[in-house]
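Number of protein chains: 2
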Amino acid sequence: MTKPMNVLWIMADQLRWDYLSCYGHPHLETPNIDRLAGRGVRFTNAYVQSPICGPSRMSSYTGRYCRSHGSTWNGFPLRVGEPTLGDHLREIGVRPVIVGKTHMKVDTRGMEWLGIDPDSTIGVSISECGFEPFERDDGLHPYGSYDPDPDYDKHLRANGLDSENPWEDFANSGKGDDGELLSGWLLKYSNLPANIPEELSETPYMTGRAIDFMEQAGDKPWLCHLSFIKPHWPYIVPAPYHDMYGPEHVIAPVRSEAEKATTHPVYGAYIKSRICRSFARDDVRERVIPAYMGLIKQIDDQLGRLFAYMENKGLMDNTMIVMTSDHGDYLGDHWMGEKELFHDVSVKVPLIVYDPRREADATRGLVRDELVEGIDLAPTFLSCFGGKAKPHVMEGRNIEPLLHDAGRPAGWRRYAISEYDYALQEARQILGNDQKDARLIMIRDERWKYVHAEGFRPMLFDLQDDPAEFRDLGEDERFADIRQRMADAIFHWARQHHNRITMAPETIDRMSGREPRGIVIGVWDEAEYEALNKEPFAARKRA
Amino acid sequence: MTKPMNVLWIMADQLRWDYLSCYGHPHLETPNIDRLAGRGVRFTNAYVQSPICGPSRMSSYTGRYCRSHGSTWNGFPLRVGEPTLGDHLREIGVRPVIVGKTHMKVDTRGMEWLGIDPDSTIGVSISECGFEPFERDDGLHPYGSYDPDPDYDKHLRANGLDSENPWEDFANSGKGDDGELLSGWLLKYSNLPANIPEELSETPYMTGRAIDFMEQAGDKPWLCHLSFIKPHWPYIVPAPYHDMYGPEHVIAPVRSEAEKATTHPVYGAYIKSRICRSFARDDVRERVIPAYMGLIKQIDDQLGRLFAYMENKGLMDNTMIVMTSDHGDYLGDHWMGEKELFHDVSVKVPLIVYDPRREADATRGLVRDELVEGIDLAPTFLSCFGGKAKPHVMEGRNIEPLLHDAGRPAGWRRYAISEYDYALQEARQILGNDQKDARLIMIRDERWKYVHAEGFRPMLFDLQDDPAEFRDLGEDERFADIRQRMADAIFHWARQHHNRITMAPETIDRMSGREPRGIVIGVWDEAEYEALNKEPFAARKRA
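In the order they appear, the protein sequences are chains A and B.
Heads up: the first sequence begins at 1 in our numbering, then just goes up one per residue.
Heads up: the second sequence begins at 1001 in our numbering, then just goes up one per residue.
If you are wondering where the hints come from, they were derived from the structure by calculation, not from laboratory data.
Note that the structure is predicted; figures quoted are calculated from it, not measured.
Hints may contain errors.
[Claimed, not checked] With a Cα cut of at most 27 Å, we get these calculated DSS-like pairs of lysine-lysine:
{"id": "1", "chain 1": "A", "residue 1": "Lys390", "chain 2": "B", "residue 2": "Lys1154"}
{"id": "2", "chain 1": "B", "residue 1": "Lys1175", "chain 2": "A", "residue 2": "Lys534"}
{"id": "3", "chain 1": "B", "residue 1": "Lys1436", "chain 2": "A", "residue 2": "Lys541"}
[To be verified] Computed footprint of chain A on chain B, listed as stretches where at least three residues anywhere in the stretch have a Cβ under 8 Å from a Cβ of chain A:
{"id": "4", "stretch": "1111-1117"}
{"id": "5", "stretch": "1429-1440"}
Note that beta-carbon positions come from the ideal geometry of N, C-alpha and C, so glycine has one too.
Modelling step: build the complete structure from the supplied sequences, incorporating the hints.
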């Protein structure tokens, strides 16, 4: 075997990079994920292209920056015609299968415009973000933008958990002393066990569906995107996970009093916003974080089950396994809740890549600090399956060199970039700026993290001297040169081609310096033509 | 009548801004176009978004910058799903009709991917750049990327002009003393009359087709894009136009010896390239320019015919008429041929807009120097037809304020921008740079023109003190501040949203600050929910 036949791409939702034991969490043991890291490469500087579900995922699923695919916030439809990883894989005979969440909203308007029937094979593929929907479930039933009647609800009903909304009433609620439902949407109830037998809850269900898929997959090569909805809110988990962790396991918040006095308008608006004020409360942290940890522990246990199944089936020998997340969770750090800004706890994700190929033997168990991006996965997968690179479409980098050689690769990227569009957020309402200018761009190199904030001063952090990102050097005169360099790097990136997607570089190279046959520009007479083209002028007509 | 019911959008191909008498040409009288200017507004600072056919037109037809639509050179397919003016007009019940050239290459690969049948109604519309093809003819038969068997050839054959390639043998060749064909592709023969009766040549044919369309159009509002292939090369014109002008009417080239010593690598590579060296020759200029003038004179005469027809039919009362071009032609100025760089003779175009509405009475005959762009036309037309603005899709500005008020509009654009991708050109081969970096961006304000050249120093011209653009101040220390300001303006533009096209601003405004119904983030308990939402927590379930 020289190429893996399959890829299992596991994504947890809202999983912070540092909430796994292999990434150093002191209380949360995740042995199955750790073991995967031991057999693969663990990346310590993996950045998503937007610190929020939809845009981050659209970047992962297209291999393109947010500015390129244009789906800059949750529910902003991915335009029809935006090529996805699924499109690229299907082209080379690989089944791109989704089991779980995509957070993709379909561009129904665009489909209508193009006369594409949503129920046709292509319509379904477009609607499913390029994936073949073995089981699509975007969670949050029925409040999200997706299927109001998911198979998961049917599964609960079939197992006797019946109500108008079993997802909410069983998987995402607890119960009070009098048997009343207490919603997991409310943080106060995060300490309750979810009203559901553990094996029926979302993570085991979806893991089982991945196993179902592998059972049925047959010999055609596949990529299975197993996309867990958890540990994303609602923060509630069934027994026994609900009380595995308590306030004593909640690590101290990474925050400083000085941060509250920030002079940065955008950060200032965020920490003033309701949601951030809520998550900054210690009682909220102590209630939410143990549940969040339980949800992660459950994922690790389920991955143990899945990996055992795969081992048993011999799939570990020919399946690349990637474990990652779509963004982090502030959990009160920096006086913030949710994600959306660019502190590492929000924009950095865990990324573990197990590559079964012999070429990867040199890196097993390696921990790497190179800058990698969420958009790197799609081109990596394409290459694994033997597909031809499409750098004019996919802006990420194939990370195979990092998987196959333990040394420093020459010419690796110097900067990682992430974007955020806060047009819809309370922070913009506080600031009162225009919705088209509610834009942030983060760029980091090995030492500095710089955040461009449209219409405001930038932020700057020294990740070497201040790894906790407490000191915003965005106004400090001593670092004007650094800021200029980082701004220049954003400019360099912004002005590149992002949409020249219909012309492959090899086509451009082949066409370079040649007029189309028959066309003659700036030639005086037949003799000049003949000298230039080594053929009689009349010959040009015979194409 | 408050809104015009129709738009006639005339585009000449490769028509320099200054080769019309209303724009000051001393020898070329264009009374019909001048008369239109007298009844409308004549713009003296209209810039196309790329100084070459395809990209300029794709910008005009989408209302979007080249970096946004991605079709950065001739024959680079316009991606499927890129919304065109035709799409927007069709939506509001207006027929978008093409009569002539688009230079659009269809994204067959994308259509295949999306399962769109090229022969379906939508497939045809996509293939025709959004237009309804009353008569599409991209010229250069059969060497261009379009129809190898055009109706124009059939028309010639039906009129007894039969050969394997009547377009070339009759419309675009002359004849020698012995009756042999002498190709108009060769500059030496530009002084010959084309081998065709004038009324059968391309410009009268296409004008006749526009009249045919108007005859048949009926009552449904329409936009007719009458897109002449001329005065684009091959530079050859039938009698009597072939000898209306001679070397005595060729204005002196705008060039200086000092320009030859340019230190700018890109400009230097261009003037070294074969095509530029050819057009810089005086004998070439004296042979080509009279034919070029004849072709323009013929267009003016044909427009006289068309306008008379329209006057007669009463169409002048309810038809907005726009006369413009897709780019200019160096014709030896600045030691250059063709177009492609950003001197005004290449990137500036004539633009005359006649608006029949009463609101435009205040500006009839006005000459305006505001900066306008090719991408402004599409949103202007949409507005004329009563369509709702789509600023998230179309990046141009509606110019109606400039048509309806003679005063200076507040907040008009400060900068005009144009881009050029020279990946395929000889200049890149001379420079040896990477094809993805063969990028130029021009930005000008009321005084300065700045050209960013990726990988090289910028160019800068002072259009006030040096309107001929002889002195490149790109390295002059005195203007470092100006250069910085212009670079900053490009950066500002480059980092804007260019692809957030699936979300209208009004939708974003409506959604701002609101979670989707049912979703609750960062709320501690029922009481807090109730205080925030003025409804019982349970009520949120009833959507």
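Cross-check of the supplied hints:
no., hint, in the structure
1, Lys390/A / Lys1154/B, "violated (42 Å)"
2, Lys1175/B / Lys534/A, "holds (24 Å)"
3, Lys1436/B / Lys541/A, "violated (32 Å)"
4, 1111-1117, "holds (count 4)"
5, 1429-1440, "holds (count 4)"
Checked against the numbered hints above, the structure breaks hints 1, 3 and satisfies the rest.
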